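Chains as they are written, first to last, in UniProt numbering: chain A, 1 to 354; chain B, 1 to 354.
Honestly, the hints are just simulated from the structure, not real lab data.
All figures in this text were calculated on a predicted structure; none of them were measured in a lab.
You may find that some hints are simply not true.
Heads up, the list lumps identical chains together, so a pair's fine if it works in one copy or across two of them.
What the hints assert, rightly or not - Calculated pairs, DSS-like style, for lysine-lysine (alpha carbon to alpha carbon, straight line, at most 27 Å):
hint: 1; residue 1: K229; residue 2: K306
hint: 2; residue 1: K159; residue 2: K30
hint: 3; residue 1: K279; residue 2: K30
Number of protein chains: 2
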Amino acid sequence: MEFTAWFGKLKLDADGEIQDCNLFDNDPEKLAELVVQLQESSKEKPQSVPLQRTDLRDAALGCGFVELDEDYDILLRDVCIRAAKSQISQTDTDDSRIIQAVEALDDIDKNVNELSERLFEWYGRYFPELEMTGEELANFVSTYGSRSNVPDDHELSEKASQSMGAELMFADEELLRSFARNICSLYDTRRYIENYINTSMGSVAPNLCEIAGASIGARLMSMAGSLEKLAAFPSSTVQVIGANRALFKHLRSRAPSPKHGIIFNNPVIKNAPWWQRGKLARALAAKISLAARTDFYSGELDSTIKEALDKKLESIRQANPNPPERKPEAKPQGKGGKRRSRGRKKNKKSGGNK
Amino acid sequence: MEFTAWFGKLKLDADGEIQDCNLFDNDPEKLAELVVQLQESSKEKPQSVPLQRTDLRDAALGCGFVELDEDYDILLRDVCIRAAKSQISQTDTDDSRIIQAVEALDDIDKNVNELSERLFEWYGRYFPELEMTGEELANFVSTYGSRSNVPDDHELSEKASQSMGAELMFADEELLRSFARNICSLYDTRRYIENYINTSMGSVAPNLCEIAGASIGARLMSMAGSLEKLAAFPSSTVQVIGANRALFKHLRSRAPSPKHGIIFNNPVIKNAPWWQRGKLARALAAKISLAARTDFYSGELDSTIKEALDKKLESIRQANPNPPERKPEAKPQGKGGKRRSRGRKKNKKSGGNK
């Protein structure tokens, strides 16, 4: 039988004795490539019996691939390190890039909010009548600085001239402007990353993007870990991704099960009346799961998923036009009840009674 | 007797009857200024007896300052609002500006760290061999972007060409560069604010700045609330400002009292051997407290404080040249022991056993 080792092709007889060998070049770079290929192809095949009786080191020495025992070790080590490095460099897949971008987006969101609050408090000393927050405020401060710089034809010029705020000194003005400029550019980067996610999602996961929306799709992938993992999830898991608190609450105690995780942010569910949400979320999650699988295994856009989803949603809406009678809510039980209300407040997106 | 009301000067007899009145102009702006002055001057004086029997509304109508009861209300309201606004605009004191800057500095520190960590993780996929963090990394990424742009004469060019990281696509490169630029400019603003604090502290609180250092002095003011409040604190409080956790732990249980709060960051204490730290902190806190009072009440730089401090520190150092024998540490008591070790980790600056 023939067998390909990392240093050459060997012909073995039934006892594992070498009959003939065809050595490769002694070039670590090429050998490393071969090792990677070998690893991938040998995943499926079981080891044959003669091979188990053969010692590769003896074979390499016997065929004259290396002369000394040490040379064999040195070369093998070098080849293996090269192979591992080349495998590492191939881990950068499209979905992992999107996941990085989503995580960076979340970080920016969190940090830019904190900095905006600081700017609001700081600038509020100099122009308390200004009813702006976030990016609008940052733009205003970086453009005008002191309120005495607001031009006469600006809609806020009257408020600015009559403000009860303190006078802004030059040094402080420069400080505030530089601070506000930072916030503005963080908002710019945020938009930039958002565009990137929207564009990439269209090519990486076109179906997921169409069914769930780019940002929710990307977030689902980020929470699952990769597109492959998301495709492997059952749709009931997809439905509650992001509602971890409510889910474990439900599993631990008698709390109601969460109806939707981050897919709640999809307009289909967000804009629906409360009594339809659970059913719509189940239908949507089923199609999201299907879309993720289609994306992972074929990568082609399949418009039938969207059509089927629309039909399903419409039939749910028509079957449940009126709110059911609300059951009288169970009495909260001491500690449990308290926790539940806290959990809900923090997890607005995630839960509620069915 | 004479009495100044908000609308004019009145002459009253012993029964509170008006003998004569000298009215002010009916101009809300000027009247508001007068009200502010009156409030300040009347803080010290108690109300005299005749005045308690006088109704100012009747007096104003009687003297002909206003014709109708309603006019009195409208004018008084207008004047009071103007007075309040002008008082608000005067609350922007030098120390409050420094406090705002210190708080902004803390916010930037916190947020720029989080963003740097994200950049480290994100860029690490493309150049894992790069051993940079924080500003250095942000500068590198914003300058070069992809590692293939590192010039040949750069010290990292060899690492860059042999890196096992993935190839960086153009879209991702732009994203990363924009993200890194944000981090760089946040670091710039941070330096800018730091300079501002150092400069301002020199003029607002020269003694505090000399004894404690600009940044610690500013932080002490920020934690106390204002220079006035800091000046009112006893030096034992100044010594443990910032060690709240350790202090309340000490008051609640049998934990050792904290030796130093944020003044620990002063090199005098930071570089001292552990057995001198408590004594040095007490001496330093005493002089910081003195410096804050000098700054608040005179504002002049008094070099004798620094001289006295140096003498005191030297004598402490000479009196305690060798470490005392360490007492065997008390056994941690169940829950308390666990909490204590956690408390210490988070509060590195603040405590330790004496």
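Hints and how they fare:
Taking the shortest alpha-carbon separations for K229 and K306, only the intra-copy value of 22 Å comes in at or below 27 Å, while the best inter-copy value is 65 Å. Taking the shortest alpha-carbon separations for K159 and K30, only the inter-copy value of 21 Å comes in at or below 27 Å, while the best intra-copy value is 73 Å. Taking the shortest Cα distances, K279 and K30 never come within 27 Å of each other, neither inside one copy (56 Å) nor across copies (68 Å).
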